[in-house]
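Undergrad: Here's the letter readout for the chains.
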Amino acid sequence: MGAIEVEGVSKNFGELCALDNINLDIEPGTVYGLLGPNGAGKTTAVRILTTLLDLDSGRATVAGFDVATQATQLRHVIGLAGQYAAVDEILTGWENIEMVARLYGFNRRESARRGDSLLERFELADARDRQVKTYSGGMRRRLDLAASLVGDPEVLFLDEPTTGLDPRSRFALWDTIEQLVDGGTTLMLTTQYLEEADRLAHRIGVIDHGELIAEGTSDELKGKVGGDVLALEIADASQTAAAAEAVRNVGSEAPRIEGANDVIVPVSTHVGVITDAVRALDAAGIKLTDLAIRRPTLDDVFMTLTGHRAEAEAAADSEPETEPRRKRGGRR
Amino acid sequence: MTTVTEAVRRNRDMSAGRLWSDSVVMTKRNLLKYPRIPTLLVFSTIQPIMFVLLFTYVFGGAIGGVSGNYVDFLLPGIFAQTAIFGSTQTGVGLAEDMHKGLIERYRSLPMSRSAVLVGRTVSDGVRNFFVVWLMTIVGYLVGFRFHGNILQSLAAMLLAVLFGFAFSWISAFIGMTVNDVETAQVAGFVWVFPLTFASSAFVPVASMPGWLQGLTKANPVTVTVDAVRALVLNTPVTPHIWYSLAWLIGILLVFVPLAVRAYRRAV
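Chains as they are written, first to last, in our numbering: chain H, 606 to 937; chain Z, 4 to 270.
The hints are simulated quantities; they were obtained by calculation from the structure and are not laboratory data. One should not assume that every hint holds.
What the hints assert, rightly or not - Partial selection, computed: residues in chain H whose CB lies under 10 Å from chain Z:
(1) ALA690
(2) ASP693
(3) LEU696
(4) GLU700
(5) ILE862
C-beta atoms are modelled at their ideal positions from N, C-alpha and C, and glycine is treated no differently.
Next comes chain Z alone, as it looks inside the complex (with noise of 0.2 Å):
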């Protein structure tokens, strides 16, 4: 019985090294599909892309209350929506890997238990870092300037990315339950929408009537956006920093175990 010893030789390794190691072959499938398939690259830039370039001329103009340049206060703004409308793709393509009975397949296999799920949100969190990447690229042809430093400018990015990544668990532990491709859709999207736009993502929270503004400082996108766009306009960071690293901590605490779970019971 060679091959049973080996297994549980094999076995002793269920551990940090193996959640690492299955952990990199998923996020290198995941990230594989954008170079086979340009199309969904291309597809999945020209939304934000086109977010930057409306806000700035169709509302540029008419939201007030913004002192300074719109585009320098909007950016920030489209950073944090791009991530969170991103990470809605995390639970999609989990339900599709479950529709095509991948995951049956790899919930078979002696693989570490939480790398199929860490392998998406990873990937997703890549695929939005670069995004974001192209928006500052587009921003900067149309007038954005960071006003901080270069580790104020990255650190704004990567916290915006973060936070999506966080999100990206939501959208794990809905694709998992909800089990359909087109529900997982639907699902995943329909509460992002009022939560990334009643925020201070693209208007200062001051002018949305008093009832909205409560809840709207009490939005992680808005203590998200806070922080961003201190960073890059290079005022004062604190306090919505930790704001919003306390979300971003709280999220994955409740949202990675749950999606897990539902990964493990998932069939």
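The following block holds chain H by itself, in its conformation from the complex (with noise of 0.2 Å):
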């Protein structure tokens, strides 16, 4: 039986297709990472499985209960950290656990050990009698994790666990989700970071206007995108266009542009790749900051797979929000 098995589901909300038709089967103890720009599903799919969203066709289960018709039992087994840090400011962060553990069902006592131990576990033993409003992102996003594992969770959701977060508290949180799945927790994440997925999950599906486009580990995907690439890049942005024109004959295929800097050759060697293309660029006097021979990234994936990019662009071009959010601007 899957942790997680989704038949068939789609979401409207009213014209907007936010789900079409999704299918997912993920194995007990493993890390699945749904993949996607903003507003491709992600967060619909999460609020499905979770019970907060009812689904308007198909069938879902999780730890083998029904999303419609179990959804009290489910809720028994899930833990659910959602995009946004849900940890309450007024309360310390010990009483936050705390709380969330009665809620859950646990006596006093038994709340009470809960609370020491996760935040001893999440290194905020130190923070545990200072209210929220004091705490650093990073901590709240670590003290809403713990919030998440409360109940022993036999499948966890972390929603965009590191969006927001400065570089350095999001390695620290890689690190400490990969521990928990280490404990055996199957985990559902959703992220827009092609380096997130690629790090967390075994396997990845990748979503995109509510279909799901493409599925398999992060080696599968980037063996759909074909072999390695030889990424260049220019140090004059407006001969970009001139260095893809140089390099034509000396990859596999033809090279493409990608940002205002970056020329992409498909190699299918590497053997001579590299001083054809410093030789050409030379004798057409274009200048490199940087060149590399390198295997495809999950960004080349999505470029593959939807014809535009996976990050920031993507967000701000104008696909419709298929996913409406309360207002939340400028909270951080």
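Take the two lone chains, each set in its own frame, and fit them into one complex as the hints suggest.
TA: Rendered as structure tokens:
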């Protein structure tokens, strides 16, 4: 039995199709990364699986419990950390955890014990009795994560756990999540960061406009894009097009331009391509700031599968917001 | 799968017991903010105290048609007005919880489905009771006196607070529906203002134009103020008290289910 089983699930918000016939089967004890740009349907999927939102059609179970008919049992065996650290600023760190434990139905003594041990585990013991409003962003996220683990969940949902964190806090949180997974919890993680899915997830589902457009391990997905590439970073952005022209015959396929300064050349062999490229660019009088042969990244995967990039730019384009959210502007 | 069987076992007590214990947890959580943010309590009491003093000294001399001491007439009105104005905070508090993602967390927990709302309305009722006490003390300093016995006096205060509690559920429904803190603030207040002022809270209904008198007499605030006033002045409390209780129960019967439904659907 899969830890999460999803069969033909669809969800519409009025005219908007937020999820379109999604199928998933996630093995117990694994990490599943749901990867996609803003508005792709990631949060909608998590909300349906955590019983926050009703599905329109299809069927979904988590830990064997049906989201539609066994919602209460299901809530006992899941943990959720949403997109924004849902912690109470007035309460202390310990009171936050203790309260969630009480609401899971644990008695006073057990709730107190869970408060202590989880704060210890997430290195918040020193801040135990401080009001959360004095916590840093990283501490709030750790507390939020701790709160999601209060009920010893069989399946844990983390919705964009590192969005809005600085790089150092992000790396620290990745370590924490990796330790957590070693304990055998099934984890579903949504992210817009390819690096994050690559690092944490055993299997990755790529979602765009409510459709699951690809699924597999990180390597399998990279395999779909083809082989390695020679990545060139051009010093002067006005020369990028000329650079792509100059290296036209270096690789196995036509080079493509990504971003203002980057030219990507698919290659079938490593032999000689660097020297060929450097000679061609030198002859054209084009200066480089960087060049490297690399395996395709998930960004390349995204570009190949969807025709647009996964991060930042995708959020800014004119696609409608498929996940109506409350306004949260200016909070961080 | 011990966790699952445990979950099923625990699931059986999703009942009145769970509603009670979860509501206690939520009420405590909401009340904790008053000792933690003392200025909040100060400012939520200044306004009603201001009303007592302003109405007594500014309008007291000008408002006619009141038999006896105006402050004795006024204070029951201020009790009700304070409880009702205070109830508008229920929706604002819920909208804030939603904004911070807390409602989303609560809804993913195996807790009682209405405990979040019960905890919020009850804690606002407790605060209202405290404020009504404080106003009584201020009232006493400016000449107010209960004319009835202690039970009548307590009943007067309690009725005002209970009425505010019923209005808290309307406010909760608004807060869970509008989905935004500022909107909740405005939407929660705008209809309460005419309801309170076009009532018998501050002036006798007889002093109003005829077309307004009809509306004012049917106003739930009027019947409640009349009942509270009768308890304070030790005059016949029926039939006002029955009208007031009928409104109170009617509001709860309509708005508790509506608010709980809105909570279950809120994202």
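Undergrad: Now look at each hint and say whether the structure bears it out.
TA: Taking the hints in turn, this is what the structure says about them:
{"no.": "1", "hint": "ALA690", "verdict": "holds, 7 Å"}
{"no.": "2", "hint": "ASP693", "verdict": "holds, 6 Å"}
{"no.": "3", "hint": "LEU696", "verdict": "holds, 7 Å"}
{"no.": "4", "hint": "GLU700", "verdict": "holds, 8 Å"}
{"no.": "5", "hint": "ILE862", "verdict": "violated, 40 Å"}
Checked against the numbered hints above, the structure breaks only hint 5 and satisfies the rest.
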